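Chain order of the listed sequences is A and B. In this text, residue positions in the first sequence follow our numbering: the first is 1, and each later residue adds one. In this text, residue positions in the second sequence follow our numbering: the first is 1, and each later residue adds one.
Source of the hints: derived by calculation from the structure; they are not laboratory data. Hints may be right or wrong, so weigh each one.
[Said to hold, decoys possible] Straight line, CA to CA, 25 Å or less: simulated SDA-like cross-link-like pairs of lysine to any residue:
1) A:Lys124 to B:Lys69
2) B:Lys14 to B:Gln318
3) B:Lys244 to A:Ser2
4) B:Lys157 to A:Ala89
5) B:Lys244 to A:Phe77
6) B:Lys49 to A:Phe77
7) B:Lys296 to B:Arg148
8) B:Lys214 to B:Met311
9) B:Lys14 to B:Asn267
10) A:Lys110 to B:Lys244
11) A:Lys110 to B:Ala155
12) B:Lys214 to B:Met4
13) B:Lys71 to B:Phe252
14) B:Lys14 to B:Gln293
15) B:Lys214 to B:Arg177
16) B:Lys69 to B:Pro32
17) A:Lys11 to B:Lys74
18) B:Lys74 to B:Lys214
19) B:Lys244 to B:Gln68
20) B:Lys49 to A:Ser120
21) B:Lys71 to B:Asn87
22) B:Lys248 to A:Lys124
23) B:Lys49 to A:Ser2
24) A:Lys15 to B:Lys69
25) A:Lys3 to A:Asn22
26) A:Lys11 to B:Lys71
27) A:Lys15 to B:Lys74
28) B:Lys157 to A:Ser2
29) A:Lys110 to B:Gln293
[Claimed, not checked] Selected chain A positions facing chain B (Cβ under 7 Å, derived; list incomplete):
30) Gln18
31) Asn22
32) Phe32
33) Gly41
34) Gln42
35) Ser111
36) Gly113
Here the structure is a predicted model, which is why all the values come from computation and not from measurement. Heads up, the beta-carbon is just placed ideally off N, CA and C, and yes, glycines get one too.
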Amino acid sequence: MSKQFHPNNYKDTAKTYQPRPNVFLNCLKAFFVGGLICVIGQGLIQLYSTVFDFTEKEAGNPTLTTLILISAILTGFGVYDKLGQFAGAGSAVPVTGFANTITSAALEHKSEGLVLGVASNMFKLAGPVIVFGVVSAYIVGVIRYLIQQLM
Amino acid sequence: MRKMGTQTWLFENKIYVNGASTISGPREKDGPLGHTFDYSYDDLYCGEKNWELAERKLLQHSIDVCLQKAKVTKDQVDLFLSGDLLNQNVTANYVARTLPIPYLCMFGACSTSMETTAVASALVDAKFADYAIAATSSHNATAERQFRYPTEYGAQKPLTATTTVTGAGSSLISRNRSDIRIESATIGKVMDYQIGDPFDLGSAMAPAAYDTIKTHFQDLGRTPEDYDLILTGDLSAVGSPILKDMLKEDGFHVEDIHNDSGSMIYNSEQPVLAGGSGCACSSLVTYGYVFNQLRKGMFNRVFIVATGALMSPVMIQQNETIPTIAHGVVFMREEMSE
Numbered sequence: 001m002s003k004q005f006h007p008n009n010y011k012d013t014a015k016t017y018q019p020r021p022n023v024f025l026n027c028l029k030a031f032f033v034g035g036l037i038c039v040i041g042q043g044l045i046q047l048y049s050t051v052f053d054f055t056e057k058e059a060g061n062p063t064l065t066t067l068i069l070i071s072a073i074l075t076g077f078g079v080y081d082k083l084g085q086f087a088g089a090g091s092a093v094p095v096t097g098f099a100n101t102i103t104s105a106a107l108e109h110k111s112e113g114l115v116l117g118v119a120s121n122m123f124k125l126a127g128p129v130i131v132f133g134v135v136s137a138y139i140v141g142v143i144r145y146l147i148q149q150l151m
Numbered sequence: 001m002r003k004m005g006t007q008t009w010l011f012e013n014k015i016y017v018n019g020a021s022t023i024s025g026p027r028e029k030d031g032p033l034g035h036t037f038d039y040s041y042d043d044l045y046c047g048e049k050n051w052e053l054a055e056r057k058l059l060q061h062s063i064d065v066c067l068q069k070a071k072v073t074k075d076q077v078d079l080f081l082s083g084d085l086l087n088q089n090v091t092a093n094y095v096a097r098t099l100p101i102p103y104l105c106m107f108g109a110c111s112t113s114m115e116t117t118a119v120a121s122a123l124v125d126a127k128f129a130d131y132a133i134a135a136t137s138s139h140n141a142t143a144e145r146q147f148r149y150p151t152e153y154g155a156q157k158p159l160t161a162t163t164t165v166t167g168a169g170s171s172l173i174s175r176n177r178s179d180i181r182i183e184s185a186t187i188g189k190v191m192d193y194q195i196g197d198p199f200d201l202g203s204a205m206a207p208a209a210y211d212t213i214k215t216h217f218q219d220l221g222r223t224p225e226d227y228d229l230i231l232t233g234d235l236s237a238v239g240s241p242i243l244k245d246m247l248k249e250d251g252f253h254v255e256d257i258h259n260d261s262g263s264m265i266y267n268s269e270q271p272v273l274a275g276g277s278g279c280a281c282s283s284l285v286t287y288g289y290v291f292n293q294l295r296k297g298m299f300n301r302v303f304i305v306a307t308g309a310l311m312s313p314v315m316i317q318q319n320e321t322i323p324t325i326a327h328g329v330v331f332m333r334e335e336m337s338e
């Protein structure tokens with residue numbers, strides 16, 4: 001057997017057979033879908049602050065909740081995973097993506113019961129985000145405190 | 001002689017497929033081979049409450065149809081050999097619980113279709129059984145959940161990823177003459193060429209298919225010209241060209257006669273990335289399309305090489321690579337008019 005298919009080199013050889021993703025097109029899709037989700041969010045802020053009398057700061061929370069609700073419903077109808085395959089980071093990074101990780105895991109484990117199925121598994125994918133979010137917030141907070149003391 | 005060369009079994013008695021069945025899910029029905037399946041369900045739940053139950057229904061249904069076609073009752077069957085992709089082989093075990101048949105559970109990941117067929121043939125050949133059923137199943141949603149992410153999770157999969165086929169296939173094997181004969185089988189070795197990407201199983205499995213096919217030729221002193229078709233299980237669009245190039249280096253030119261079940265079961269418009277995979281991928285294509293072609297006389301001798309990635313998500317997280325295996329079985333057309 002030639003060198004290229006030798007077990008030690010196989011991994012590199014196999015790479016040459018893999019279809020290459022179109023990075024530019026993927027970025028473009030992610031930009032537009034992610035952007036569209038943000039535009040919808042902005043529209044909701046306008047709606048809540050003009051029609052419902054929230055201040056612009058207060059309008060943030062109902063906007064997030066609405067986006068999460070939309071994402072959860074789209075996940076339940078089997079749309080969000082298709083959107084994710086199309087848009088990649090564009091639909092994974094916004095809060096809707098976070099909502100999708102929780103809803104999809106909850107749906108997946110529904111058959112194992114409400115407590116040990118849904119409740120104990122729904123943060124399976126979102127858990128690391130929360131853990132590292134809290135830990136990094138703590139570290140940044142300590143650094144900020146130290147800098148404030150020194151100044 | 002029963003053992004040929006190093007890894008090949010040549011059956012002494014004439015072993016036949018008395019009946020074979022294919023039950024598929026909705027996406028497979030829409031594929032180019034949809035018309036060859038005995039029955040296709042219109043939704044992934046198959047009328048059941050959850051996906052695990054749906055997969056069991058597929059397997060149960062395929063066994064029923066297989067026995068009906070062979071005109072054999074459950075009581076006549078001496079052995080049931082089955083396996084699937086789920087932990088503890090739950091689909092096969094729970095279906096076996098409903099059958100009055102002695103049972104051997106097997107696991108070879110997606111190679112289980114030919115693993116069960118090879119072992120069943122050997123046991124029938126050795127007269128440990130008169131009738132044996134070899135059956136496998138896989139289900140897109142149960143496999144996704146076990147090996148990857150929740151089904152509705154919106155992560156982007158790479159183009160090398162495959163799509164698990166939903167379906168089940170069964171065959172009834174005996175020494176009673178029929179139009180399809182099982183001639184020989186080559187049992188594969190576990191190969192690991194250091195691929196650790198669970199979204200690129202085609203590349204991981206190509207060396208296993210290469211080793212089994214090459215050994216088969218050497219053990220029986222044959223060449224690709226002796227076959228009308230060499231069908232791999234689920235190497236997909238990525239693994240198939242690697243296999244062909246590896247065999248070419250050893251002087252085996254299979255370009256014209258090789259095909260891959262994973263590349264045949266869906267059409268190019270379907271959103272399946274690199275193609276189909278799963279135990280049902282090779283069994284649906286083999287027991288449906290390939291057997292039809294054998295019966296029609298379009299093929300005389302075919303070599304079905306089911307490939308399996310012996311992957312565990314825990315091992316992947318521990319930075320292990322993916323061991324793979326391939327088992328091959330030779331089916332031949334038997335002239336019934338003699």
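Going through the hints against the structure:
1. Between the alpha carbons of A:Lys124 and B:Lys69 the distance comes to roughly 45 Å, so the proposed pair goes past 25 Å and is violated.
2. Between B:Lys14 and B:Gln318, the direct Cα distance comes to roughly 46 Å. Violation of the 25 Å bound is thereby established for this hinted pair.
3. A distance of roughly 14 Å separates the Cα atoms of B:Lys244 and A:Ser2; the hinted pair therefore holds under the 25 Å criterion.
4. Straight-line distance between C-alpha atoms of B:Lys157 and A:Ala89 comes to about 11 Å, which keeps the hinted pair within the 25 Å bound.
5. At roughly 41 Å between alpha-carbon atoms, B:Lys244 and A:Phe77 are farther apart than 25 Å, so this suggested pair is violated.
6. For a cut-off of 25 Å, the pair hint linking B:Lys49 to A:Phe77 stands: about 17 Å separates their Cα positions.
7. At roughly 40 Å between alpha-carbon atoms, B:Lys296 and B:Arg148 are farther apart than 25 Å, so this suggested pair is violated.
8. The suggested pairing of B:Lys214 with B:Met311 holds, with an alpha-carbon distance near 24 Å, which does not exceed 25 Å.
9. Restraint check for B:Lys14 and B:Asn267: not satisfied, since their Cα atoms lie roughly 37 Å apart, outside the 25 Å limit.
10. Distance check on the hinted pair: A:Lys110 and B:Lys244 sit about 44 Å apart at the alpha-carbon level, beyond 25 Å; violated.
11. Using a Cα cut-off of 25 Å, the hinted pair A:Lys110 and B:Ala155 holds, with the two alpha carbons roughly 20 Å apart.
12. A distance of roughly 14 Å separates the Cα atoms of B:Lys214 and B:Met4; the hinted pair therefore holds under the 25 Å criterion.
13. Restraint check: the Cα-Cα separation between B:Lys71 and B:Phe252 comes to about 41 Å, which exceeds 25 Å; the hinted pair is violated.
14. Straight-line distance between C-alpha atoms of B:Lys14 and B:Gln293 comes to about 20 Å, which keeps the hinted pair within the 25 Å bound.
15. Restraint check for B:Lys214 and B:Arg177: the C-alpha separation of about 30 Å exceeds 25 Å, so the hint is violated.
16. This hinted pair checks out: B:Lys69 and B:Pro32 have alpha carbons roughly 24 Å apart, not beyond 25 Å.
17. Proximity of A:Lys11 to B:Lys74 is assessed by CA-CA distance (about 47 Å); at most 25 Å being required, the pair is judged violated.
18. Using a Cα cut-off of 25 Å, the hinted pair B:Lys74 and B:Lys214 is violated, with the two alpha carbons roughly 38 Å apart.
19. The hinted pair formed by B:Lys244 and B:Gln68 fails the criterion: a straight-line CA distance of about 39 Å is larger than 25 Å.
20. Straight-line distance between C-alpha atoms of B:Lys49 and A:Ser120 comes to about 21 Å, which keeps the hinted pair within the 25 Å bound.
21. Of the pairs offered as hints, the one joining B:Lys71 and B:Asn87 is violated, with about 33 Å between alpha carbons and a cut-off of 25 Å exceeded.
22. A distance of roughly 45 Å separates the Cα atoms of B:Lys248 and A:Lys124; the hinted pair therefore is violated under the 25 Å criterion.
23. Distance hint between B:Lys49 and A:Ser2 is unfulfilled; the C-alpha atoms sit about 52 Å from each other, more than 25 Å.
24. Only pairs whose Cα atoms come within 25 Å are accepted, and A:Lys15 paired with B:Lys69 is rejected, the gap being roughly 45 Å.
25. The straight-line distance between the Cα atoms of A:Lys3 and A:Asn22 is roughly 30 Å, outside the 25 Å bound, and the hint therefore fails.
26. Distance hint between A:Lys11 and B:Lys71 is unfulfilled; the C-alpha atoms sit about 49 Å from each other, more than 25 Å.
27. Taking the CA atoms of A:Lys15 and B:Lys74, the gap is near 48 Å; set against the 25 Å cutoff, the hint is violated.
28. In summary, the hint linking B:Lys157 to A:Ser2 is not supported, as the alpha carbons are separated by about 32 Å, beyond the 25 Å threshold.
29. For the hint linking A:Lys110 to B:Gln293, the alpha-carbon distance of about 43 Å lies beyond 25 Å, and the restraint is violated.
30. Evaluation of the A:Gln18 hint against chain B yields a held restraint, the C-beta minimum of about 5 Å falling below 7 Å.
31. The beta carbon of A:Asn22 comes no nearer than 10 Å to any beta carbon in chain B, farther than 7 Å, and the hint placing it at the interface is violated.
32. Evaluation of the A:Phe32 hint against chain B yields a violated restraint, the C-beta minimum of about 15 Å exceeding 7 Å.
33. With a least beta-carbon distance of about 17 Å to chain B, the hint placing A:Gly41 at the interface is violated under the 7 Å criterion.
34. The beta carbon of A:Gln42 is not positioned within 7 Å of any beta carbon in chain B (closest approach about 22 Å), and the interface hint is therefore violated.
35. The beta carbon of A:Ser111 is positioned within 7 Å of a beta carbon in chain B (closest approach about 4 Å), and the interface hint is therefore held.
36. Taken as an interface hint, A:Gly113 does not check out: its beta carbon lies about 11 Å from the nearest beta carbon of chain B, beyond 7 Å.
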